[in-house]
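*Asks:* Assemble chains A, S, H, Y, E, F and D with the ligands onto chain R, guided by the hints.
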Amino acid sequence: MATKEFKAPEMLRTGDPTGFCPGCGHGTVGRLGFEVLDEMGLLEKSISVYDVACDSLYMWAIDTDCVGTAHGRAIATAAGVKRVRKDCPVWAYVGDGASYSIGFQHTVWSAVRNENITVVIINNGVFGMTGGQMAPTTLIGQKTTSSPAGRRADVNGYPMDITKILTGQDIAYLARGSIDTVANINKTKKYIRKAFEKQMNNEGFSLVEVLAPCPTNWGLSPHDSLERIRNEVMEVFPIGEYIERGVK
Amino acid sequence: MATKEFKAPEMLRTGDPTGFCPGCGHGTVGRLGFEVLDEMGLLEKSISVYDVACDSLYMWAIDTDCVGTAHGRAIATAAGVKRVRKDCPVWAYVGDGASYSIGFQHTVWSAVRNENITVVIINNGVFGMTGGQMAPTTLIGQKTTSSPAGRRADVNGYPMDITKILTGQDIAYLARGSIDTVANINKTKKYIRKAFEKQMNNEGFSLVEVLAPCPTNWGLSPHDSLERIRNEVMEVFPIGEYIERGVK
Amino acid sequence: MLTEIICAGFGGQGILTTGILISYGAFKNGKKITWYPSYGSEMRGGTANCTIKISDGEEIASPYAKELDVLLAMNAPAIDKFEDRIKPGGYLFVNASIVPDDKKYRDDIKVVKVDTVKLAEEANNPKGGNIAMIGVILKKTGLLTLEQFEASIIKYFTDKGKEKFNDANIAALRVGYNSVQ
Amino acid sequence: MLTEIICAGFGGQGILTTGILISYGAFKNGKKITWYPSYGSEMRGGTANCTIKISDGEEIASPYAKELDVLLAMNAPAIDKFEDRIKPGGYLFVNASIVPDDKKYRDDIKVVKVDTVKLAEEANNPKGGNIAMIGVILKKTGLLTLEQFEASIIKYFTDKGKEKFNDANIAALRVGYNSVQ
Amino acid sequence: MAQIIYDKKRCKGCHYCVDACPKKIITVSGELNDKGYEVVEFDEAQCIGCGSCYTICPDYAITIIKED
Amino acid sequence: MAQIIYDKKRCKGCHYCVDACPKKIITVSGELNDKGYEVVEFDEAQCIGCGSCYTICPDYAITIIKED
Amino acid sequence: MADNEVIMKGNEALAEAAIRSGCRFFSGYPITPQTEILEYMSWRMEEAGGEAIQTEDELCGAYMLFGAAAAGARALSTSAGPGFSLYQEAISYLVGSDLPAVLVDVSRIGNALGDISQSQGDYELIRKGNGHGDTMVIALTPASVQEIVDDVQLAYELAEKYLHPVIILYDAAIGQMMEGVTLPEMSEHDINKFDWSVKGIEKGQHGRKITNVSYFCDNMYVGYEKYLRDKYKAITDNEQRWENVEVADAEVVCVAYGISSRVCKEAVRNARAEGIKLGLIRLKTITPFPVKAFEEIGPDCKGIEVVEMSIKGQMVDDVALATKCNIPIYGYLTSYLVPDSEKVIEVAKDILAGKAEEVL
Amino acid sequence: MADNEVIMKGNEALAEAAIRSGCRFFSGYPITPQTEILEYMSWRMEEAGGEAIQTEDELCGAYMLFGAAAAGARALSTSAGPGFSLYQEAISYLVGSDLPAVLVDVSRIGNALGDISQSQGDYELIRKGNGHGDTMVIALTPASVQEIVDDVQLAYELAEKYLHPVIILYDAAIGQMMEGVTLPEMSEHDINKFDWSVKGIEKGQHGRKITNVSYFCDNMYVGYEKYLRDKYKAITDNEQRWENVEVADAEVVCVAYGISSRVCKEAVRNARAEGIKLGLIRLKTITPFPVKAFEEIGPDCKGIEVVEMSIKGQMVDDVALATKCNIPIYGYLTSYLVPDSEKVIEVAKDILAGKAEEVL
Ligand SMILES: Cc1ncc(C[n+]2csc(CCOP(=O)(O)OP(=O)(O)O)c2C)c(N)n1
Ligand SMILES: Cc1ncc(C[n+]2csc(CCOP(=O)(O)OP(=O)(O)O)c2C)c(N)n1
Ligand code: SF4
Ligand code: SF4
Ligand code: SF4
Ligand code: SF4
Ligand code: SF4
Ligand code: SF4
Ligand SMILES: [Mg+2]
Ligand SMILES: [Mg+2]
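Protein chains in written order, with our numbering: chain R, 550 to 797; chain A, 550 to 797; chain S, 698 to 878; chain H, 698 to 878; chain Y, 516 to 583; chain E, 516 to 583; chain F, 6 to 365; chain D, 6 to 365.
Here chain R stands alone, though its shape is the one from the complex (with noise of 0.2 Å):
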């Protein structure tokens, strides 16, 4: 008798609860990356770098090597590691602030370098671990503590699409998924997969950007924050993937 198992990775069973806030998509997100890993078998050979926001606390939360870095920096970081640590699969994990703010330059860059990491970008609209602030990610409109009346296009600017931003650069993968259904998830965790595959056949950068809930600083119930992904957020950034090198 064959059994099916759904089981997320044992170091992420029998450790601590994580510190995320009730509904936070770090914890799926995060779960789907190592879920792959350990698929791969390469979940102990991982070695995961985060920055100092929501992300870091998967630092507690899994028992892997990582390095925790300055926030912004860890693509930067992972790709000094990485190039040191050619066997491991090297990953940064992190938010969007950091990543398309202060650490836009090392996203950009890392990718033109064509750098053999993985970089899963969480995009939750706002800067979650400050306390809600204006991230490059906010939607037109969207009330954060830093724009109290709504982000407005001739104030901030539109919100920051790294699809737009990568279009025409030869890197080895670039894709934006969701969480918001468990459709979604799967099919995120196909591109995540992706990503990994990419690295271990270095074939240089690939990149993920995951639409994921902020429940505590959207002001919303989680419930009612997947379904502003849905309504909203999934309409400013489309998911699918976008760049994947050879078919592009």
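Hints are supplied without guarantee of correctness; some may be wrong.
What the hints assert, rightly or not - Which stretches of chain A does chain R cover? Using the computed rule of at least three CB atoms under 8 Å from a CB of chain R, they are: (1) 644-658; (2) 661-670; (3) 700-712.
Treat the hints as calculated values from the structure; they're not laboratory data.
Beta carbons: idealized from backbone N, C-alpha and C, even for Gly.
*Replies:* Leaving out everything else, chains A, S, H, Y, E, F and D with the ligands in the frame of chain R:
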């Protein structure tokens, strides 16, 4: 009897000779900017922002208000100036190293915020001031002091093309000119004029990149440098208008 | 005289604002105050607290409390965390509409159970539980007179452009105040 | 004994390398040396110079020269800039293939005019003018013997993988050396 | 037939699973766990082992073992 | 007819103007200016006042006044 | 009680005071424990008719400030610990370009990320860091919300008097704390009032050049050496600020600033009540370091007690120099804990009893 | 003469020595006067089988270094003045995370852009800067090309001994100068030799976490306070390095490092020949500051002459503390000019004649 004069703005003609090397493109490109300002009656009101590369030599070549700021920070600085001096035409006149590597983030983010400034970027394919190291725009195969065997895509990535990066941004104007021929110089001047007009119209961010020679660090005669632009550089960096708001 | 107070409870219970209202009342009546939040990554814990120090004369040094004169506990974890720090003879005000009635307390402190939900209902101000609680505290501790506090709370909300809540707030305050025999 | 030398000329004249060759020769023959370029934004001026200090014993302090024992001037501006700094009795070696013959010099120094182009031709090494100049300097100043310098220059180019130039270089050196009576 | 292993102490009461279950057999229990979060309960008998609840749970609180 | 005003001391000897002149009336003179740059000379009589030399000169060394 | 008497968080009071001092330009990036400044500016500046920009990073924040200051505005940029480290290059540029600008560092615990607890670990960064080259800034260290407000006004005045950046340094405790405060009246700053600022010229005028001042000195660095030494000397001579509390007859003198100094003041009160002769030198500037405050120390002083929320005791060297190495220095050094006034007295007692260990 | 005896520029010798010390990772961004290091690495590192990356900016250079060090490599990143200011945050992170890494600052003149002339204006940046929080690094100050080479090897050893970043500081004069030098043999570094570095785990092993060390201390900052104080004390006790030249009987003692110290050495030689009792304390480390060197100063010493290419006299405070404020301190301070040995002697004579003015 009507007369037609080809005459550089008085402040350029009567000042000291510039500090640029023979055949350096900075002389021509900077002049175009000052010509346009002069023709628009704005030269005196203008505020120029330079960083510390070869562009900074203009600080001593023309006697208008200017700010010299840190390497790569001219665009951010210019944005600060403009927000205080809304009536003055403010431009950042800078190198490709400054704008696409160390200051890349400010270049893109000033575009995202649609800062109402004009940016003119000298694409000379090297870090001129520091002795000809590889720049973001260095072509594949091009030898520089920090890529003595020629730039390699697999090591240093492909040349940075700002028109790809800013595709899809809602900015006022984006164009690339060249100064390899009289015709192209005249075309470039039109681009720069449009850029300033849009600024004075409060339409927001305008950027004109200009392909220009650095004979010194290319190790070529001025004549051969212009040839190189025509034969090699322009192929990788096509000239033309890329974004014009409303038209696009 | 120095009065040390901690207000604590769940994140959404308006704890910080309650503390601010008390502080403001004291300040507007000539006292020196400090108000200090627990801030930052504690956010995710879902709990909140703030420390208030009120002085009649001397400058206040540290904003941290040493020995509490008053603990305002809006939930049970707040009691577990801070009860020890109340000075003998000090006050513990308990939000009785959440905290189980059979909870045990130190016997060298004065425990005052306040059914904030009931008081708010009585005042016809469903959001007025915290202000009613302040009313109770004023009456019990004599920190400020009712009139003093009424003036300050009216000014507070009026300055914020929220004068339309003034009547309801005063009602809640009085209900709380008068609920104490 | 401390010998202070400046080599100066146009950017493309191989000034810095000439200085390095002299320094290397001295170093490989047991002397202490410092070599110091003019660097940075002077690049755009189109001139180049370097300062060499050679010591038989003592450590060299500053790499800057105080009083020149030798000025190697590959063009006229180099003479204008540095002639004053030559110590009385010191040497000025002039690249006579560029510097006009009627140029006036201080009369308390020894001026040696060297037609580098002619010497290079004689040696059948069109690029050998600078090395021929070194030959002249060696003979005049006795800084190193011809043999000492030959060994060092061979090693220098051999280590750089450029041994194919050795014969031509030695030829230029000897032509220069022997051109001095 | 499927087995549901529910680790209550990890649950944060987001109730994503309640929405995600196609059989609607996950319900809010009213019970609070140690951390004060309102946990859920499962009608295991009706579970089809689709794994949706596992997939959407951000806190690794659910494991599903489906025997074919 | 056009007038050419040539500011020799500004000239850096790049000789862009030599290439750019459609009439090929600008030539390298062999003369050096103060800074040691090899300056050019013009055959003014043949100048059509097109301004190409002005336009391509990076050093503001040339002014052209064309009278129609 | 007047309408401008309110209770406010230190951070928000700073923002409001800046606006009332005529600041119409703010640029910065969120970082705890000072994000309230940016959040406050994000709505308040528009009301005041100014510009508040949440920049993409600290570097842009610092260089927009640079540009705004060059244009003649009263400008502000604020950060904390790690973010303030990123300001270092720009601060050096502000110094080198003679630009008046006000910056704020709300310090938090630790090197690296550290944590967000209060701490006074940025003393050296502010007093000796300031980027490369021969830099020195003016650094004010308010100890209460009211003093923050007063110091903002002062900071702009000093910045404009010396054409020099001024940093206001306080710790998370003071930034997060609410206290009663009297706000100044609203005032406007005239961006055209300086002749050196860029604003466009009239025909025939010379252009203004905001760049390294050394370019305009006789013989460049030869002249600049004197210029800068004179400027630093003037600042050092004129701008020392401190508050001495019962120092003259004290047997132990505490030296502290910011939150620690408040605790020391309480300790002095309580110690004196016990008959212990404790005193306090409270530093209101750390640059210039108020060496003059130490002149009041009397012959009875047996030791100095440095009270500082730092691991290294970052202030100790300056105190030693201010006392000409003549008085033994002891420390009550905490990292993230606000010092306790009883412990301050205990340490003082140990010093008097010969039981304390010197820190230098 | 052996084959590894060559003449080299200081900057190139640094690069070659790093590679021969097993450095296989370099990241950096061009800036005069140290770009030769990057240029050298751009071809040489590939030969050695390592990675040399010209990064998009200094921040990436510093954080790639952080990552490479975390992965166990001997890593190097180099910059100068303005660029080194941009390293400040990362240095604080290296300190806070106990990462061994070597960084180089080749200092140049001035705050702001300054110019590219030699100078010793980054003393405070290196000694007291190092970003936010309670930071202190080990800082070596070689005075010759040979010493650069020796210090590179030493730097890696110290970095790995203390799990701490080490900065090598020298001025443009030493970086641009060629001298004779004996290079060490090529050696390899085993990236797996540290148990703390990230490298992937075996099943059942615990993951390694490179982050703030405070997280792993008892009671976080309570434990970290002790940990860091002990570390700093060990460094201060064990790693002071200096060279004393005729100090014991000297009537005037010069204190200097780098290029200035070479000039002083010449001055001592010449002064002694004239019968003037001049001595020299040459600092080979500035952190820890070699206070022990000052013990040799004898009773005849009338004054200290600080010889430094800085406007402020950045070293003066440390010298005063090292002498317990007991000896008058005078300065011969230049900014961009390499000091002159005759002038060193002149100042010494003035000191002896009572004609010099104290700098502190
Ligand atoms: C240099 C620096 N600047 C700012 C901060 C403060 N900071 C920490 S995390 C963060 C933003 C986090 O947002 P994001 O990257 O989107 O991650 P999230 O928490 O939303 O997942 C900020 C601004 C810092 N720690 N260091
Ligand atoms: C923070 C900092 N990093 C590096 C430098 C050194 N630097 C000065 S100009 C320059 C590059 C100039 O290249 P580019 O911007 O292309 O201008 P160009 O001279 O080619 O016109 C560099 C690396 C610096 N001054 N400051
Ligand atoms: S603040 Fe937002 S991103 Fe951070 S843990 Fe909470 S929900 Fe997740
Ligand atoms: S180095 Fe290049 S860019 Fe700079 S002035 Fe010379 S030619 Fe122009
Ligand atoms: S999804 Fe997970 S955490 Fe959320 S309620 Fe269900 S079991 Fe609990
Ligand atoms: S496995 Fe599917 S059917 Fe079973 S409880 Fe989970 S979601 Fe419902
Ligand atoms: S283009 Fe101008 S600078 Fe060049 S040679 Fe002609 S006149 Fe001289
Ligand atoms: S104006 Fe035209 S024709 Fe006359 S010299 Fe210049 S380029 Fe030649
Ligand atoms: Mg985010
Ligand atoms: Mg360039």
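*Asks:* Looking at the structure, which of the earlier hints fail to hold?
*Replies:* none
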